[in-house]
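From first to last, the protein sequence lines stand for chains A and B. Counting along the first sequence from 1, when you hit position 7 you're at 204 in my numbering, and nothing is skipped either side. Counting along the second sequence from 1, when you hit position 99 you're at 296 in my numbering, and nothing is skipped either side.
Incorrect hints may have been included.
[Stated by the list, open to error] Think about it this way: if two alpha-carbon atoms lie no more than 30 Å apart in a straight line, the pair counts; the simulated DSSO-like pairs of lysine-lysine are:
(1) B:K421 <-> A:K428
(2) B:K421 <-> A:K523
(3) A:K351 <-> A:K421
(4) B:K428 <-> A:K283
(5) B:K505 <-> A:K421
[Stated by the list, open to error] Here chain B is said to cover these stretches of chain A; the calculated rule only asks that three of the stretch's residues, wherever they fall, bring their Cβ under 8 Å from a Cβ of chain B:
(6) 210-224
(7) 245-259
(8) 381-393
(9) 411-425
Since the hints were made in silico from the structure, they are not lab data. Quantities reported herein were computed from a predicted structural model and do not represent experimental measurements. Don't be surprised by glycine CBs; every beta carbon is placed ideally from N, CA and C.
Protein chains: 2
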Amino acid sequence: MKRVLFTPGPTQLPTEVLEAMARPIIHHRTDEYRTLFLETTRLLQEHLGTTQPVLTLSCSGSGAMEAAVSNLLSAGDEAIVVEGGKFGNRWHSICEAYGVASHKVSVEWGRVATVEEVESALSAHPKAKVLYLTHSETSTGALFPVHDIARAAKARGVATVIDAVTSYGVYDLRFDQSDLDGVVWGSQKGLMIPPGLGFVCFGPSAWALAEKARLPRFYFNLAKARAALEKGDTPFTPAITLVLATHAAATLMAKEGRTQVFARHQRNADATRRAATALGLRLFSEVPSNAVTAVTVPAGVDGGAVPKTMEQRYGVKIAGGQDHLKGKLFRLGHIGHYDEGDILRLVGAFESALLDHGYRLEPGIAVKAAQESFRRAGAGAPVRVA
Amino acid sequence: MKRVLFTPGPTQLPTEVLEAMARPIIHHRTDEYRTLFLETTRLLQEHLGTTQPVLTLSCSGSGAMEAAVSNLLSAGDEAIVVEGGKFGNRWHSICEAYGVASHKVSVEWGRVATVEEVESALSAHPKAKVLYLTHSETSTGALFPVHDIARAAKARGVATVIDAVTSYGVYDLRFDQSDLDGVVWGSQKGLMIPPGLGFVCFGPSAWALAEKARLPRFYFNLAKARAALEKGDTPFTPAITLVLATHAAATLMAKEGRTQVFARHQRNADATRRAATALGLRLFSEVPSNAVTAVTVPAGVDGGAVPKTMEQRYGVKIAGGQDHLKGKLFRLGHIGHYDEGDILRLVGAFESALLDHGYRLEPGIAVKAAQESFRRAGAGAPVRVA
Numbered sequence: 198m199k200r201v202l203f204t205p206g207p208t209q210l211p212t213e214v215l216e217a218m219a220r221p222i223i224h225h226r227t228d229e230y231r232t233l234f235l236e237t238t239r240l241l242q243e244h245l246g247t248t249q250p251v252l253t254l255s256c257s258g259s260g261a262m263e264a265a266v267s268n269l270l271s272a273g274d275e276a277i278v279v280e281g282g283k284f285g286n287r288w289h290s291i292c293e294a295y296g297v298a299s300h301k302v303s304v305e306w307g308r309v310a311t312v313e314e315v316e317s318a319l320s321a322h323p324k325a326k327v328l329y330l331t332h333s334e335t336s337t338g339a340l341f342p343v344h345d346i347a348r349a350a351k352a353r354g355v356a357t358v359i360d361a362v363t364s365y366g367v368y369d370l371r372f373d374q375s376d377l378d379g380v381v382w383g384s385q386k387g388l389m390i391p392p393g394l395g396f397v398c399f400g401p402s403a404w405a406l407a408e409k410a411r412l413p414r415f416y417f418n419l420a421k422a423r424a425a426l427e428k429g430d431t432p433f434t435p436a437i438t439l440v441l442a443t444h445a446a447a448t449l450m451a452k453e454g455r456t457q458v459f460a461r462h463q464r465n466a467d468a469t470r471r472a473a474t475a476l477g478l479r480l481f482s483e484v485p486s487n488a489v490t491a492v493t494v495p496a497g498v499d500g501g502a503v504p505k506t507m508e509q510r511y512g513v514k515i516a517g518g519q520d521h522l523k524g525k526l527f528r529l530g531h532i533g534h535y536d537e538g539d540i541l542r543l544v545g546a547f548e549s550a551l552l553d554h555g556y557r558l559e560p561g562i563a564v565k566a567a568q569e570s571f572r573r574a575g576a577g578a579p580v581r582v583a
Numbered sequence: 198m199k200r201v202l203f204t205p206g207p208t209q210l211p212t213e214v215l216e217a218m219a220r221p222i223i224h225h226r227t228d229e230y231r232t233l234f235l236e237t238t239r240l241l242q243e244h245l246g247t248t249q250p251v252l253t254l255s256c257s258g259s260g261a262m263e264a265a266v267s268n269l270l271s272a273g274d275e276a277i278v279v280e281g282g283k284f285g286n287r288w289h290s291i292c293e294a295y296g297v298a299s300h301k302v303s304v305e306w307g308r309v310a311t312v313e314e315v316e317s318a319l320s321a322h323p324k325a326k327v328l329y330l331t332h333s334e335t336s337t338g339a340l341f342p343v344h345d346i347a348r349a350a351k352a353r354g355v356a357t358v359i360d361a362v363t364s365y366g367v368y369d370l371r372f373d374q375s376d377l378d379g380v381v382w383g384s385q386k387g388l389m390i391p392p393g394l395g396f397v398c399f400g401p402s403a404w405a406l407a408e409k410a411r412l413p414r415f416y417f418n419l420a421k422a423r424a425a426l427e428k429g430d431t432p433f434t435p436a437i438t439l440v441l442a443t444h445a446a447a448t449l450m451a452k453e454g455r456t457q458v459f460a461r462h463q464r465n466a467d468a469t470r471r472a473a474t475a476l477g478l479r480l481f482s483e484v485p486s487n488a489v490t491a492v493t494v495p496a497g498v499d500g501g502a503v504p505k506t507m508e509q510r511y512g513v514k515i516a517g518g519q520d521h522l523k524g525k526l527f528r529l530g531h532i533g534h535y536d537e538g539d540i541l542r543l544v545g546a547f548e549s550a551l552l553d554h555g556y557r558l559e560p561g562i563a564v565k566a567a568q569e570s571f572r573r574a575g576a577g578a579p580v581r582v583a
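Please construct the entire structure, taking both the sequences and the accompanying hints into account.
Given below as structure tokens:
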């Protein structure tokens with residue numbers, strides 16, 4: 198049975214990515230690999246808007262998050278963690294595991310923290326060296342105002358590191374023009390490849406902190422990764438096929454064009470959100486991210502049964518809520534390799550499954566709203582990923 | 198141009214593995230994935246000869262090594278590291294990075310440590326809790342007597358953890374019947390898949406140490422990985438395509454049969470070694486491993502040019518020496534998906550390239566030696582991987 202992923206990671210893989218992984222493997226200590234790895238790194242840098250090294254680690258996004266803690270701090274240091282979801286809280290868990298005192302700015306799941314809330318934490322904890330937060334919170338679909346928060350942190354000499362796991366490839370981060378000091382992300386989201394790679398990019402202030410940081414690190418030693426990258430190498434054997442897949446994906450993104458990639462995500466997110474609200478449903482997050490649309494399960498509807506029907510009858514796999522939101526959310530992913538036709542499939546299946554489960558709606562209303570959204574978004578030109 | 202890998206990792210990938218990676222990706226929080234992951238784990242356990250959980254980590258073999266340090270010890274603890282090559286020394290570097298005092302038993306590269314040498318270190322450092330060593334040292338092609346060493350360590354209450362990166366799939370480790378307390382390995386060697394996964398298996402004594410160990414760990418927290426495995430999960434998003442590739446490879450190995458896999462490696466290694474000695478060349482390691490044959494570059498031959506010719510003219514990629522052995526070794530890998538025809542290609546290309554570079558030899562002598570070795574090994578039956 199056909200099943201198309203509309204989960205907020207892993208996301209659909211372009212044919213070019215699948216092909217790259219199906220070719221006979223090459224050795225990583227060769228000029229051929231080094232050239233491809235350096236070219237991949239350059240494409241990732243361009244996309245992030247930076248001349249700083251982008252380090253590729255063989256791990257999940259959480260490994261990259263850990264690297265951004267263990268390479269920046271020492272035992273007994275203080276940090277501030279802004280969290281309003283499962284992944285924001287992960288920063289706190291990492292700090293705790295490493296003996297870093299992490300002061301939480303917690304907001305209700307679905308909400309985003311304001312600059313004022315963060316500023317009051319910055320005043321309360323003047324010893325904090327780094328502020329960690331999530332850009333696009335996958336568990337709630339909320340988009341945190343990372344740039345404003347980073348500006349406030351910088352004003353107090355605190356470095357800001359963001360988890361861009363579901364925002365890389367969705368939002369234009371313009372790293373070098375921003376007040377961000379570090380960005381980490383993973384491979385299975387906007388980058389359109391399978392999970393297994395984590396990425397880290399530090400700005401000059403973060404590298405300065407890294408020199409003094411004394412937390413233990415070996416596999417995630419970023420100074421070593423940076424030194425190796427200069428020769429197109431990695432300190433340890435890289436996940437070769439995933440790096441080659443990244444090359445294929447980053448090439449696709451460059452061909453489509455940075456601006457076009459971000460605009461396509463905006464159109465896809467707009468259409469999905471309009472479809473949801475046309476159905477009379479409530480968006481869970483107050484500031485919804487273009488990566489994933491979290492929709493509150495309406496009263497009287499079985500939050501587990503709808504996704505099951507979407508998958509089994511309509512071949513569309515979405516995600517439900519996590520932790521205490523289990524059964525209470527539908528999470529419709531539109532991050533990565535999705536075009537207009539995909540979104541029509543997604544909202545069509547969503548509408549149909551709701552209908553199947555007794556939710557009263559006017560058939561076609563969600564698809565119509567999505568169509569209108571795409572039409573308004575302009576041009577009528579086909580949206581092409583490559 | 199065709200290039201076939203005969204490097205000691207990454208190794209050739211079976212078609213079944215390439216196919217598994219080229220299929221549309223599935224989501225990891227599904228029954229389909231969990232079933233495949235649990236089945237994969239069961240196959241890995243069977244191959245290792247254990248009922249203990251085999252933990253799959255998304256990282257290289259070095260990440261798995263780090264996990265075997267950070268999960269077993271606390272800051273200030275002592276360990277013994279046996280090393281006679283690049284990878285043995287990695288245990289020492291990891292211990293140092295974590296503030297563990299690591300006492301080295303160093304032997305010259307190419308040699309293996311004796312039980313007596315290890316016993317004297319065990320007496321000298323009675324506080325040591327864990328002994329770390331490499332089974333098959335990839336940098337020198339030497340095979341360390343891990344079982345005898347583990348027995349000696351156990352007699353003194355010291356746990357033994359081995360790096361089986363290039364011995365898993367080559368040697369029958371019979372973990373539960375051995376005195377070993379921990380084994381770590383990677384994916385790109387005997388397991389015949391690309392790099393990107395590390396594996397750890399602990400016995401009861403190691404798990405008992407893990408309960409008291411206080412080194413910081415988050416991404417590599419093995420207790421969490423063990424708990425998640427019970428439900429077919431991982432604490433973090435797994436490298437899905439590589440896990441599915443592992444399933445394909447482990448299924449191939451199970452079909453071939455454990456004993457047959459080990460016997461095939463023995464035949465391939467014997468034939469390669471006999472070819473090398475028939476050429477009048479010296480094996481570098483005193484106890485050569487069945488994973489890789491390290492051959493000393495003979496006087497008057499350019500140690501860099503021969504591998505280059507093998508690759509460019511004969512489509513056979515081998516490895517050279519590492520670190521101070523650069524230019525001084527040829528390392529011929531025969532770990533994983535290799536059959537009799539592959540080995541004839543390998544030694545044929547080796548002989549031809551040596552001839553091309555002015556080394557005096559009787560044409561055909563290496564291939565003849567390999568053929569005779571295979572014939573003596575018996576049966577004449579075709580060696581089938583699957």
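Cross-check of the supplied hints:
1. B:K421 <-> A:K428: Judged against 30 Å, a Cα distance of about 36 Å means the pair is violated.
2. B:K421 <-> A:K523: Given pair K421 of chain B, K523 of chain A holds - Cα atoms ~21 Å apart, limit 30 Å.
3. A:K351 <-> A:K421: OK: K351 of chain A and K421 of chain A at ~27 Å, within 30 Å.
4. B:K428 <-> A:K283: holds, 20 Å
5. B:K505 <-> A:K421: holds, 28 Å
6. 210-224: Holds: 10 residues of the stretch 210-224 of chain A have a Cβ under 8 Å from chain B.
7. 245-259: holds (count 5)
8. 381-393: holds (count 5)
9. 411-425: That given contact holds, which follows from 7 residues of the stretch 411-425 of chain A lying within Cβ reach (below 8 Å) of chain B.
Consistency note: the structure conflicts with earlier hint 1 alone.
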